[in-house]
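Visitor: Given the sequences, and given the hints that come with them, work out the whole structure.
Residue numbers (this note's numbering), protein chains in the order written: chain A, 1 to 312; chain B, 313 to 596.
Don't read these hints as lab results, they were simulated from the structure. From a predicted model like this one, the values you see are computed outputs, not experimental measurements. By construction, the Cβ of each residue, glycine as well, lies at the ideal position given by its N, Cα and C atoms.
Across the chosen pairs, the derived CB separations fall in these ranges: (1) A/Leu54 <-> B/Pro455: 18 to 28 Å; (2) A/Leu54 <-> B/Phe380: 19 to 29 Å; (3) B/Leu322 <-> A/Gln275: 44 to 54 Å; (4) B/Ile323 <-> A/Ser91: 35 to 45 Å; (5) B/Phe589 <-> A/Pro94: 49 to 59 Å; (6) B/Asn451 <-> A/Trp83: 37 to 47 Å; (7) A/Trp90 <-> B/Ile323: 33 to 43 Å; (8) A/Gly165 <-> B/Gly327: 22 to 32 Å; (9) B/Asp490 <-> A/Gly196: 35 to 45 Å; (10) A/Leu143 <-> B/Gly350: 25 to 35 Å; (11) B/Gln428 <-> A/Ile107: 38 to 48 Å.
Chain B is nowhere near these chain A residues, computed Cβ spacing over 12 Å in every case: (12) Pro67; (13) Gly165; (14) Leu197; (15) Val229; (16) Asn254.
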Amino acid sequence: MAVAPESRPLPVPRVADRPIERTGDEAQSARPRMGGSGQILVWALLLILVLAFLYPFVWLISASLKPQGETFTSSLLPQPLIWQHYVEIWSAAPALRWFFNSALVGILASVAVVFSSALVAFGFVYQRFPGRDALFGLVIATLMLPQAVVMVPKFLIWHSIQVGGTNLAATQVPLWAGNLFASPIYIFLLRQFFLGLPRDLFEAAKVDGANPLRIWWSIVLPLSKPALVAVGIFEFKSSWTDLMAPLIYLQNRNLFTLPLGLKAFVDEFGKGGIQRWDLVMTASVLFTIPMLIIFFLAQKHFIRGIATTGMK
Amino acid sequence: MLSPWIFGFLIFTLGPMIVSLALSFTRYDVINPPEFIGLKNWALLFSDPLLLKSLQNTFFFAALHVPFAIAIALALALLLDQISRGAGFFRTVFYLPSITPAVATGILWLWLLNPQVGIVNQFLHLLHIPGPGWTTDPNWIKPGIVLMSLWGLGNTVVIYFAALRQVPNELYEAARVDGAKPWAQFFRITVPMISGTLFYTLVINTIFALQYFTEVYTMFFRGQESGVSEDALFYVIYLFRQSFEYFHMGYASAMAWLLFAIIVVVTLVQVGFSRKFVYYEGAS
Chain A
1 MAVAPESRPL
11 PVPRVADRPI
21 ERTGDEAQSA
31 RPRMGGSGQI
41 LVWALLLILV
51 LAFLYPFVWL
61 ISASLKPQGE
71 TFTSSLLPQP
81 LIWQHYVEIW
91 SAAPALRWFF
101 NSALVGILAS
111 VAVVFSSALV
121 AFGFVYQRFP
131 GRDALFGLVI
141 ATLMLPQAVV
151 MVPKFLIWHS
161 IQVGGTNLAA
171 TQVPLWAGNL
181 FASPIYIFLL
191 RQFFLGLPRD
201 LFEAAKVDGA
211 NPLRIWWSIV
221 LPLSKPALVA
231 VGIFEFKSSW
241 TDLMAPLIYL
251 QNRNLFTLPL
261 GLKAFVDEFG
271 KGGIQRWDLV
281 MTASVLFTIP
291 MLIIFFLAQK
301 HFIRGIATTG
311 MK
Chain B
313 MLSPWIFGFL
323 IFTLGPMIVS
333 LALSFTRYDV
343 INPPEFIGLK
353 NWALLFSDPL
363 LLKSLQNTFF
373 FAALHVPFAI
383 AIALALALLL
393 DQISRGAGFF
403 RTVFYLPSIT
413 PAVATGILWL
423 WLLNPQVGIV
433 NQFLHLLHIP
443 GPGWTTDPNW
453 IKPGIVLMSL
463 WGLGNTVVIY
473 FAALRQVPNE
483 LYEAARVDGA
493 KPWAQFFRIT
503 VPMISGTLFY
513 TLVINTIFAL
523 QYFTEVYTMF
533 FRGQESGVSE
543 DALFYVIYLF
553 RQSFEYFHMG
563 YASAMAWLLF
573 AIIVVVTLVQ
583 VGFSRKFVYY
593 EGAS
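Guide: Structure, rendered in structure tokens:
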């Protein structure tokens, strides 16, 4: 079994014990800081770092706008600007289809994991029974288990299920259905959040005759929207970017998600293929943009979630 | 209410763990029934040169990635903590690579690291340093991968920044009254106060580094082609190939348990180490 250090829970940062709102954005007016020339140095360093971190994105976009054959010229300003890769890409590969598949799998994975993890997390907060904390320790301990250990048996499980003549291991179902059973990291995150809700609310509802499921649905969930959104976008991100599971399960090109599609695309059009790196770069840009949009729409939730759980 | 997790734990974690352990004593290719072969897979773990190579590659990567990621992320977070406005913007920029899909990151860095046209070598050229073959020279493939992995350290910056902002100002003020120099403040106040967070990221980043897969697989591997880039063969890539490309499910299961054992041992060593160095507020 995964190691569960008996006397102490798995080490989690102290920030996790505090309200989820703490992300470092609170005012810190009395902070001792370098003054004068120190500030200039700090700003100069930060600006250089920004250039270094952003350069790869700029290069990628620029490469996607250069004429075929000039993808790797060093200039960052394409002369002339070529938009046609963004038209050609849709016929060079079933990109729209992969896009749709990824969105569908991502949404199913997020919705499934949000509700199941919220239910389990509330169970750990609301219900009192002997061995509860030990069981929660077990939840945390499973975080250490490498997916590689369960990867093969999971495949065999899906492989053994036939639905209407179709083997489930050859469908997209394994990419999200496991999420119906909650996920340890999100149970942890949501439990932290639920612990911050006033317990009196639950007790009052209980006195009014509400059963635990009703309390969960009508009181806990509406009060926890920020945390639920955070879990949803984290799972969407991990589903959107996951290559391993699609590699294991999907053989049919029409079922590919974007990571697998892009991998197939780069193998076909890039390395060893017909050297259309211009299209590969265009596909990479299109693949990255949805994540950037989601990030900018939900930035606060991302930052809070990471500061609380250290999510990758 | 706990039933979804309990059910999932039994079906998708505990059950598979038992099956995986059992499979590690068999030869199994999914098509034919498993055949019991005793400890052969386990013995092979210690004589398979490719496995040894992949372990070396992975340890090399982790040994470089983890300390650099922690040190650089801490430096960036300290810089952010020094400015009174705009920190949110810089944090966003540092975090952007972390949300870039790993396959796209792999493709992108294959070209940034390209010995001829890549920016990394162009930059070195400006400094009159001859750039190495980051994607071709066996000695430089892994350092190149480390460089790529460090682009994605924004997560850790976000965590450190949040932790730094929770260090009470009074501690610094008291230290200044006592005449403590900035370095002394850093080592006597900042580091102890965020040591819990430092330790946590050490554990998380190590586990992450030992399982690094997607970017490297995208860059250097293609389907069942063999003989490519032994120097980029990371442990999980080799494990994936053994299981789902060669269908050596029994051997792959033994490999997975070896990885689990390594992660547990490394983590326990880190926990032991942390007892000496980590300060928990309010803990005895």
